[in-house]
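Given the coordinates of chain A, work out where chain B should sit on it, guided by the hints.
For reference, the chains in residue letters:
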Amino acid sequence: MKRRFGAIVIAVVAVALGSAGCASKHAESADDAMDQGTGTGSEFDDGSVGQGSSVSTSTISDLETIYFDFDKSTIRNDSAGMLRNNASVIKENADWGQVTVEGNTDERGSEEYNLALGERRAMAVKRYLVDLGVPGSRLRTVSFGEAKPAVPGHDESAWHYNRRSDFSN
Amino acid sequence: MRAALLVAIAVCSVAVTAADVRAAERPAVVVTSGKEQQFSVALQKFGGNFDAEAYREGMQAALEFSNLFRLIDRKAFLGPTTTEVLSEREDVGCLEWSTIGADIFVEGVQRVEQEQFIAEFAVWDLAGCQRKLSRRYRQASSADPLILAKRMADDIVEVLTGVRGVASTELTFVSKRGGNSEIFVMNADGGNQRAATANRSINNFPSWSPSGDAIIYTSYRSENRPMLYLSTRGRGKPGRILGPLSSKPLYRAVFHPSGRELAVVMSPTGSTEIYRVDLAGKNPRRLTQNRSIEVSPSWSPDGSKLAFVSDRSGSPQIYLMDSDGANVKRLTFNGNYNTNPAWSPDGRWIAYQARVGGQFDIWLIDPEGSVNLPLISHPRSDESPCWSPDSTKIAFSSTRRGSADIYVIDSSGDHLRRLTSSRGDDTSPSWGPYPR
Numbered sequence: 000m001k002r003r004f005g006a007i008v009i010a011v012v013a014v015a016l017g018s019a020g021c022a023s024k025h026a027e028s029a030d031d032a033m034d035q036g037t038g039t040g041s042e043f044d045d046g047s048v049g050q051g052s053s054v055s056t057s058t059i060s061d062l063e064t065i066y067f068d069f070d071k072s073t074i075r076n077d078s079a080g081m082l083r084n085n086a087s088v089i090k091e092n093a094d095w096g097q098v099t100v101e102g103n104t105d106e107r108g109s110e111e112y113n114l115a116l117g118e119r120r121a122m123a124v125k126r127y128l129v130d131l132g133v134p135g136s137r138l139r140t141v142s143f144g145e146a147k148p149a150v151p152g153h154d155e156s157a158w159h160y161n162r163r164s165d166f167s168n
Numbered sequence: 000m001r002a003a004l005l006v007a008i009a010v011c012s013v014a015v016t017a018a019d020v021r022a023a024e025r026p027a028v029v030v031t032s033g034k035e036q037q038f039s040v041a042l043q044k045f046g047g048n049f050d051a052e053a054y055r056e057g058m059q060a061a062l063e064f065s066n067l068f069r070l071i072d073r074k075a076f077l078g079p080t081t082t083e084v085l086s087e088r089e090d091v092g093c094l095e096w097s098t099i100g101a102d103i104f105v106e107g108v109q110r111v112e113q114e115q116f117i118a119e120f121a122v123w124d125l126a127g128c129q130r131k132l133s134r135r136y137r138q139a140s141s142a143d144p145l146i147l148a149k150r151m152a153d154d155i156v157e158v159l160t161g162v163r164g165v166a167s168t169e170l171t172f173v174s175k176r177g178g179n180s181e182i183f184v185m186n187a188d189g190g191n192q193r194a195a196t197a198n199r200s201i202n203n204f205p206s207w208s209p210s211g212d213a214i215i216y217t218s219y220r221s222e223n224r225p226m227l228y229l230s231t232r233g234r235g236k237p238g239r240i241l242g243p244l245s246s247k248p249l250y251r252a253v254f255h256p257s258g259r260e261l262a263v264v265m266s267p268t269g270s271t272e273i274y275r276v277d278l279a280g281k282n283p284r285r286l287t288q289n290r291s292i293e294v295s296p297s298w299s300p301d302g303s304k305l306a307f308v309s310d311r312s313g314s315p316q317i318y319l320m321d322s323d324g325a326n327v328k329r330l331t332f333n334g335n336y337n338t339n340p341a342w343s344p345d346g347r348w349i350a351y352q353a354r355v356g357g358q359f360d361i362w363l364i365d366p367e368g369s370v371n372l373p374l375i376s377h378p379r380s381d382e383s384p385c386w387s388p389d390s391t392k393i394a395f396s397s398t399r400r401g402s403a404d405i406y407v408i409d410s411s412g413d414h415l416r417r418l419t420s421s422r423g424d425d426t427s428p429s430w431g432p433y434p435r
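Line order of the protein sequences matches chains A and B. For what it's worth, numbering that gives the first Met the number 0 labels the leading residue of the first sequence as 0, then goes sequentially. For what it's worth, numbering that gives the first Met the number 0 labels the leading residue of the second sequence as 0, then goes sequentially.
With the rest of the complex left out, here is chain A (with noise of 0.2 Å):
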């Protein structure tokens, strides 16, 4: 027994760890976001927001990635800003018609079983979003489990980038 509670003391010491270069990859993410201004707020904003060239070539690939923890399907704090700006910019372009929220998942365990928390996943994005005022008719959901890694690799450094919900058209 008390080996077993030495076990649980480690795996979430493992899990805390891979949770922080996670939390890294987000702020890069929206570094690189407001460097290419996909946003409305860049400080290079000419102020037509919503009309802007900033706005109108601003395509459904550059809508922010949202990472998740291992074998979880809750939205972590550090998404929020990304996930809000997601929304507004899912709700100015309403010519990209339907967005598919895409559930993705690292590749350990039953591919089975990952395409549930894949789909999971997909569906607390999608609640979030509705949330923030997107039409929920706007929004489809979709689960490829762990068949479509943003990273190959076998470890940590890849599986942190896998578990994620993308978007697409």
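If you are wondering where the hints come from, they were derived from the structure by calculation, not from laboratory data. Note that CB positions come from ideal geometry on N, CA and C, so glycine has one too. Mixed in with the good hints, there may be bad ones.
Across the chosen pairs, the derived CB separations fall in these ranges [as the list claims (entries may be wrong)]:
hint : chain 1 : residue 1 : chain 2 : residue 2 : range
1    : A       : T58       : B       : D323      : 40 to 50 Å
2    : A       : N76       : B       : H377      : 32 to 42 Å
3    : A       : D68       : B       : S39       : 54 to 64 Å
4    : B       : R290      : A       : G80       : 27 to 37 Å
5    : A       : G80       : B       : R329      : 36 to 46 Å
6    : A       : N76       : B       : R311      : 22 to 32 Å
Below 20 Å or equal to it, Euclidean Cα-Cα: the simulated EDC-like pairs (lysine to aspartate or glutamate) are [stated by the list, open to error]:
hint : chain 1 : residue 1 : chain 2 : residue 2
7    : B       : K74       : B       : E52
8    : B       : K236      : B       : D212
9    : B       : K304      : B       : D345
10   : B       : K236      : B       : E222
11   : A       : K147      : B       : E222
12   : A       : K147      : B       : D424
13   : B       : K131      : B       : E95
14   : B       : K175      : A       : E106
15   : B       : K281      : B       : D323
16   : B       : K74       : B       : D102
17   : A       : K71       : B       : D310
18   : A       : K147      : A       : D68
Frame of chain A, contents of chain B only:
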């Protein structure tokens, strides 16, 4: 790294101890293939106008696949190495064959005649000098003669053990060898690997119909979302099935043993549930009612029960339920990630994958939950077990060589054998039924 290792050791010892305790509380049952005995076989070349050496090699390989036979080197033969005509009891030479250590003598002849390939063989039990079996097969001469070599080998297994051999069965699996996840089919020994899909989408979870005529699988080939398809042998283009239900994600289906119904994993409202539905997609009956994940249904051989996976307890575990969804019972309690149950065709065992130290091993548990044993342990992951139709073998995917390959092992844990070696991952095997 050291922390990871410690986790592995700690979890592993806890799991084994718990299994020992559980096993000790119940009557001991030992998992064996029931076939430890090896027979020494003297196999003659089948005389005739087909390539007799190729036929003998095919039969030898098929016999050896059962792990039941030791083939005696022809150089040791006192009698002829090739059958000219099938023997009568007085001239078979039982003593000559048993002198060189043979338990079994197999002779045969074959010929091509009027666009038919005809092969005839006999199996002699040398101890009693008795003919145990004599049988003639014929097929179109355009077909592969080695199909009959395998059938004969499976007959020989049956006459000696009472259960037909599985050398002439097939497996389906998923391979990424071409870059995409496509469905493949191969012979049970890993031979004749060929693609069943080439749509460059994501294809997964292939599973045989009970007749062996068709493979059901999940594909994203249409609208880039998961739907179910049925690929029927010799019929060309696969058909989408369960159309009436396909507005929702359809993640996986497996045939009921009757072949008339499916257990389907679908997601009506954003959470996966297990349904029972007929092949037309009519009369879906929901078997699980939960906000949790429910996946991986596997029928008991009589179709009266289902094993499945649920994370309702907070972690994925194996459960059983009746085929109408009643009497749900949790089966696995050790560890915090147990999944992919596969009920053996003889009903005695459920193979599944258990996470031990961050990797998966294949375990066997009986449907009462009284015996729970590791089939094979390895520092890399073994996943997705499935049973041969005679319940003597388990195929699974393993990363023990790096990328995932399909392996087969006896249910006793002996005779591990690799079936695939492509550069891409080979996963998700499903073992087909006996050929008709």
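Hint check results:
1. A:T58 <-> B:D323: 40 to 50 Å: holds (49 Å)
2. A:N76 <-> B:H377: 32 to 42 Å: Cβ of N76 (chain A) to Cβ of H377 (chain B): about 39 Å, so the range 32 to 42 Å holds.
3. A:D68 <-> B:S39: 54 to 64 Å: Taking Cβ atoms as reference, D68 (chain A) and S39 (chain B) lie about 58 Å apart, which means the hint holds.
4. B:R290 <-> A:G80: 27 to 37 Å: At 28 Å between Cβs, range holds.
5. A:G80 <-> B:R329: 36 to 46 Å: holds (41 Å)
6. A:N76 <-> B:R311: 22 to 32 Å: The hinted range 22 to 32 Å holds for N76 (chain A) and R311 (chain B), with Cβ atoms some 27 Å apart.
7. B:K74 <-> B:E52: Holds, at roughly 15 Å.
8. B:K236 <-> B:D212: holds (14 Å)
9. B:K304 <-> B:D345: Answer holds: K304 (chain B) to D345 (chain B) is near 14 Å, not above 20 Å.
10. B:K236 <-> B:E222: holds (18 Å)
11. A:K147 <-> B:E222: holds (16 Å)
12. A:K147 <-> B:D424: With Cα atoms ~14 Å apart, K147 (chain A) and D424 (chain B) stay inside 20 Å; holds.
13. B:K131 <-> B:E95: With a Cα-Cα distance of about 18 Å, the restraint between K131 (chain B) and E95 (chain B) holds, given a limit of 20 Å.
14. B:K175 <-> A:E106: Holds - the C-alpha atoms of E106 (chain A) and K175 (chain B) are around 14 Å apart, at most 20 Å.
15. B:K281 <-> B:D323: OK: K281 (chain B) and D323 (chain B) at ~16 Å, within 20 Å.
16. B:K74 <-> B:D102: holds (17 Å)
17. A:K71 <-> B:D310: holds (12 Å)
18. A:K147 <-> A:D68: Judged against 20 Å, a Cα distance of about 17 Å means the pair holds.
Checked against the numbered hints listed earlier, the structure breaks none of them; every hint is satisfied.
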